[in-house]
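Please work from the sequences and hints to get the whole structure.
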Amino acid sequence: MDTIASLFSFITTPVSWVIVQFHSVYGKLFGPDTGWAWGLSIVSLVILIRICLIPLFVKQIKATRAMQTLQPEMKKIQERYKSDKQRQSEEMMKLYKESGTNPLSSCLPILAQSPFFFALYHVLNGIATGKTIGVIDQGLLESARKAHIFGAPLAAKFTDSADKVASLSASMTDVRVVTAIMIIMMSASQFFTQRQLMTKNVDTTVKTPFMQQQKMLMYVFPIMFAVFGINFPVGVLVYWLTTNVWTMGQQMFVIRRNPTPGSKAQAAFLERLQKQITHTKKVRGRGNMNVIKAIVAKGRDRNEFERKFINGLTKAGLAAQADGTVVESETAVATLTEDGAPAAGGPKRQQPKRQSKAKRQTAIAQGATRTDAEEAPKTSLEKAQVQPEDAAPEAKPTGGDTTGTKPGSGTRSKAKSGQQRKGQPRPKHPSSKK
Numbered sequence: 349m350d351t352i353a354s355l356f357s358f359i360t361t362p363v364s365w366v367i368v369q370f371h372s373v374y375g376k377l378f379g380p381d382t383g384w385a386w387g388l389s390i391v392s393l394v395i396l397i398r399i400c401l402i403p404l405f406v407k408q409i410k411a412t413r414a415m416q417t418l419q420p421e422m423k424k425i426q427e428r429y430k431s432d433k434q435r436q437s438e439e440m441m442k443l444y445k446e447s448g449t450n451p452l453s454s455c456l457p458i459l460a461q462s463p464f465f466f467a468l469y470h471v472l473n474g475i476a477t478g479k480t481i482g483v484i485d486q487g488l489l490e491s492a493r494k495a496h497i498f499g500a501p502l503a504a505k506f507t508d509s510a511d512k513v514a515s516l517s518a519s520m521t522d523v524r525v526v527t528a529i530m531i532i533m534m535s536a537s538q539f540f541t542q543r544q545l546m547t548k549n550v551d552t553t554v555k556t557p558f559m560q561q562q563k564m565l566m567y568v569f570p571i572m573f574a575v576f577g578i579n580f581p582v583g584v585l586v587y588w589l590t591t592n593v594w595t596m597g598q599q600m601f602v603i604r605r606n607p608t609p610g611s612k613a614q615a616a617f618l619e620r621l622q623k624q625i626t627h628t629k630k631v632r633g634r635g636n637m638n639v640i641k642a643i644v645a646k647g648r649d650r651n652e653f654e655r656k657f658i659n660g661l662t663k664a665g666l667a668a669q670a671d672g673t674v675v676e677s678e679t680a681v682a683t684l685t686e687d688g689a690p691a692a693g694g695p696k697r698q699q700p701k702r703q704s705k706a707k708r709q710t711a712i713a714q715g716a717t718r719t720d721a722e723e724a725p726k727t728s729l730e731k732a733q734v735q736p737e738d739a740a741p742e743a744k745p746t747g748g749d750t751t752g753t754k755p756g757s758g759t760r761s762k763a764k765s766g767q768q769r770k771g772q773p774r775p776k777h778p779s780s781k782k
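The numbering used here applies: residue 349 is where the sequence shown begins, and numbers increase by one.
This list has only true hints and no planted wrong ones.
List of simulated lysine-lysine pairs, DSBU-like, C-alpha gap at most 35 Å: (1) Lys445 <-> Lys612; (2) Lys623 <-> Lys656; (3) Lys445 <-> Lys641; (4) Lys548 <-> Lys445; (5) Lys623 <-> Lys663; (6) Lys423 <-> Lys641; (7) Lys656 <-> Lys563; (8) Lys663 <-> Lys548; (9) Lys630 <-> Lys410; (10) Lys423 <-> Lys410; (11) Lys623 <-> Lys410; (12) Lys646 <-> Lys623; (13) Lys548 <-> Lys629; (14) Lys512 <-> Lys479; (15) Lys548 <-> Lys656; (16) Lys656 <-> Lys629.
If you anchor each label on the Cβ, the simulated ranges turn out as follows: (17) Thr480 <-> Met546: 39 to 49 Å; (18) Lys376 <-> Lys623: 40 to 50 Å; (19) Arg708 <-> Lys646: 42 to 52 Å; (20) Arg543 <-> Gln426: 23 to 33 Å; (21) Ala574 <-> Gln434: 37 to 47 Å; (22) Leu443 <-> Gln486: 56 to 66 Å; (23) Gln709 <-> Lys623: 48 to 58 Å; (24) Lys407 <-> Ser437: 19 to 29 Å; (25) Ile529 <-> Gly448: 36 to 46 Å; (26) Ile529 <-> Phe358: 32 to 42 Å; (27) Lys563 <-> Arg708: 49 to 59 Å; (28) Gln709 <-> Glu652: 39 to 49 Å; (29) Ser437 <-> Ile532: 33 to 43 Å.
No lab work stands behind these hints: they were computed from the structure.
Yeah, the Cβ is synthetic: ideal placement off N, Cα and C, and Gly gets one too.
Listed below in structure tokens is the structure:
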């Protein structure tokens, strides 16, 4: 660790100068040799660094979400070129270039913070060994060696020997207890930060290897902090615990105000926003307007939570506009959603009631009776139409005169007329002989 810290010695002087400036302020309030003055100086250093890293944190959020979006495409490339690693790498780089993402962007805050971390470690290690470093002269060195946080010196470690701890005017019990509590708090804050990211701010509609990697890091990072933490001085533990708490709070703010689309955090955010808009009939805040503008622009590509949000506004008689505002609309309730279904609160189509089997059979029998009754007049009409042809008396030949008649013509005429008639046969006349 000393070798790594020495590599970042170029930033040791600026870091020590910032600590000294904060110490001069807190020393007037709590005393120059107290642990509060030196401890708050380290905390203030962390806050200053993290404020400067906010732009990188924003880039990290955007890069992380872009990587989540690209995970399905990355998986296809890996399966397609599993036997050709070079082609796989080329296609991956092409995908990153086309989408404008960079895998290293998600690590920017950690990478940018590492020089300050190792520089602070170098400064505290110099205090522990009694060496002046940076702008910390002999007087400040003696003051820092006297500073204790709950009985543990700033430069003491969990693994220090009893002689070294005694040289810093402290006891092994105080050092071990304070460092153990700080290591546990540091690991717990790291675990909670990663856990809320996985459980609340991850798109649950897409299952990708990226989610499995994040779940693994949720357990790996706390273990790493616990293992390396026993070799950190108390001052470094204060630094790292402060930056973990800052990260946790910063992430909670982002999850609440700008959640990942498709996540549980987005569902809760849109529910709160819908209640607020329904109550006030208007959108408050530029950020909320940008959210509504993005949802309206998606159209049919909206996820389940966004469709529920739009339908909730429609039910309340409000319509979301393309500029992020909402207007009252009397016809909003009767409109259809983008899925083609009636909007919530709109008129619903009445479904016919299902009849019992006995009623259906009765209806069929009644329908058949009506059909027979309707066909009866029609049959009589057809009979009237064919009556002249059948009722004409046959001309019997007289005197052997067969002119105008042909054998079998009457039979063919009757057969023909019988073929043309449809329905039931004509009943015989009562006067006809049986």
